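Asker: Since chain G is already given, all that's left is putting chain U on it; use the hints.
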Amino acid sequence: MNLGISRSQILALALMVACIALLPLVLYPVFLMKVMCYALFACAFNLVLGYAGLLSFGHAAFFGTGAYVGAWTAKALMLTPELAILCGGATGGLLGMAFGFLAIRRQGLDFAMITLALAQMTYFFYLQAPFTNGEDGIQKVPRGDALGVLSLEPDMTMYWFVSAIFLGGFGFIYRIVHSPFGNVLKGIRENEARASSLGYRANSYKLIAFGLSAFLAAIAGATKTHVFGIATLSDVSLETSSLVLLMALLGGKGTIFGPIVGAILVVSMESKLATMGSWVMIAQGIVFIACVLLFRRGIVGEINRGLRTSL
Amino acid sequence: MDTLFGIPLPLFYGQLLLGLINGAFYAMLSLGLSVIFGLLGIVNLVHGALFMTGAFTAWILLDTFGLGFWWSLALAPLIVGAFGILIERLLLRHLYGLDHMYGLVLTLGLALVIEGAFRNKYGSGGLAYQIPDALRGATNLGFIVLPYYRGAVVGISLVVCLLTWALIEKTRLGARLRAATENAPMVQAFGINVPVLVTLTYGAGVALAACAGVLAAPIYSVNPQMGANLIIVVFAIVVIGGMGSIMGSVLSGFGFGVIEALTKVFYPQASSTVIFLCMVAVLLFRPSGLFGRRS
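If you read the protein sequences in the order shown, they are chains G and U.
Following our numbering, the numbering of the first sequence begins with 4 at its first residue and continues without gaps.
Following our numbering, the numbering of the second sequence begins with 39 at its first residue and continues without gaps.
This is chain G alone, in the form it adopts within the complex (with noise of 0.2 Å):
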C-alpha cells in the first residue's frame, strides 16, 4: 500500500491553494472565511464517520463550544484570537473525550443516539448558562491582535489568519488519515473484530479519534465566531449538527477533499437561497434525499471510483 501523497492529491491540493490564494480578488473575502471554517468542521467530522466509520449526530456540540469559549475568552479574557481559538478548540476537544468516553461503548445507531442527546443537553446548557446570553448569544466579539500586534480587523488580514488555520487543519487531518494510526482506524471500520483479534485496542483507537475530531471541530467553530463577532444557539443546535452532515455526505464520506466540496456546496447554496426564505430547507432536504438516493458516495466518492484516484 503507498502511504505517499498521490499525483491526483498533489493536483487536488495546488488548485485548493490556488483558489485560497486567488479567489478574494472576485469574490467576497467574509463568505470565503465562512466557507473555510465550515470546511475544516467537514473535514473533522469526516474523520469520525468517514474514517472511523461512526456516526455523530451532535458534533454541533463541539462546534459550538468552541464558538462559545472562543468568544468568551477574546471578549471577557481580552485573549489574543489565536489563543482564544486554542481555548475553544481545548475545551471542546475535552468535551470531545467525555462524550466519546461515554458513546463509545455502543455501536451504529445507539452511537448516534447518544451523541444525540449529549449534544441536546449541551444545548440546554449553553441556553441557560449565565454567560451565553441566551437568546441573544455573545456579541460584538472583537477580532482583537494576532500575537498581540497584527489587529485582524480588515478583511483581508482576517482572510490570511482564516485561511493559515484551515490549511493548518487540513494539513493535521491529512496526515493523521495517512498515518499508521489513520490505517488502523479504518481497519476497525472495515472490521472491528479482526482487528481486535490482532490485537489492536479499538475503542481507544475510537476515542481518540473522536476527540480530535471534537478538537478541530471546535478549533472551527471559534474560528467562525473571530469572523463574525458572534457566537450563538444556532451554532451548537441540531440543525448544524445535521448541516455538516450534509456536507459530508454531499462530498463523499470518508475521502480527503470530499468535506470540502461539501462545504463549499451547501454554504454557496445557502447564501444564494438565502434571501428566498424557507426554500433553503426545501433545497437542503432535497439534496438529503438526493445524496441517499441517488450517489451514496458522494461527489469526490463517486470522482473517484470513476477516475481511480484517491482524492
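Be aware that one or more of the hints could be misleading.
To be verified - Chain U regions said to be covered by chain G (calculated; three or more residues, Cβ under 8 Å):
id: 1; stretch: 125-135
id: 2; stretch: 142-153
id: 3; stretch: 207-221
id: 4; stretch: 321-327
Stated by the list, open to error - Here are some of the chain U residues that sit facing chain G, going by a computed Cβ distance under 7 Å:
id: 5; residue: 41
id: 6; residue: 277
id: 7; residue: 318
The hints are simulated quantities; they were obtained by calculation from the structure and are not laboratory data.
The structure displayed is predicted, hence computed values, not measured ones.
No residue lacks a Cβ here, since even glycine has one placed at the ideal position from N, Cα and C.
Answerer: Coordinates of chain U only, in the frame set by chain G:
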C-alpha cells in the same frame, strides 16, 4: 393553602395534568415510531413533520371545506397515512438492508422539505384552530379545573394506544406483523406478502402521527415548527421505552410527560435535559430499553 414539599398543590396538579396531556401526544407519536422501527428498521425522523401535516390537514379541511374537528379526526389520518404509503413506496423502499444512517438522513431530508413547504405557504406564525363545540368548557374536579377538551385528548389517546396494542398483540394481522419483525424472509416463505405488510405498517404509523396532530391543533397553535420541536423528545422516549416495544412506548410516553412536568415544578432548569439524561443512561446500561428485548 396545601403544599407538597413546599410546592402549592394546585400548581402541582396543574403541572401533572399538563404532563399527562403532553404524555398523550408523546405516547401516540412514539408508538408509531416504535412500530415503524421494529418492522422497517427505519429511524423515521419525518414523523414530527407528518404530525404537523396532520394538524395542518385539520386546519385546511375546516378552512377550505368547512369540515369540523370530528371529520378531521377521521379524515386527516387517512389522508396523511396515504401520503405516508407514497413515501414508503417511492423512497424508503430503496433503503431496506442498508445502514441505518441512510434511513435517518433520508427521513431528515424529507422532514426539511415538508416543513419548508408549509413554511413557504403559511409562514412560520401560528394559525388558530377552535376547540370543537361539544368539548368547550371545563369541569371542577375539586382539586383542579379540568377543561373538557384536555380530558378528551388524554382519553382519546389512551383508547387509540390500547386499540393499536390490541391490533398488534391480539389479532391475526398483528401476529403476522410481529412474525415479520422477527424474521421477514421466513414469513415471506410462508406465503405472506411482507412488502404489502411493510407498506401498511408505515401508513398506519404515519396515520397515528396525523391523528395526534389533529388532537394537538386546538391546544397548540398550528405552525410548521410544531413537529420539529417535539420529534427529538419523542425519539428519546422511544429509545428509553425500547425500540419496537409497543407497551414500552405507551408507558414511557405518558411516564415521561409526567416526569418532565414534575421536573418543571421542582427543578425547572433541568426540565428540558432530564429526558436526554435518562436516554443516555438507558443506552449505556440497558440498551434494549426499559421494556424492550433485543436479540
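Asker: Let me make sure I understand: some of the numbered hints might not hold for this structure. Which ones are they, in numerical order?
Answerer: When the structure is compared with the hints, numbers 3 and 5 turn out to be violated.
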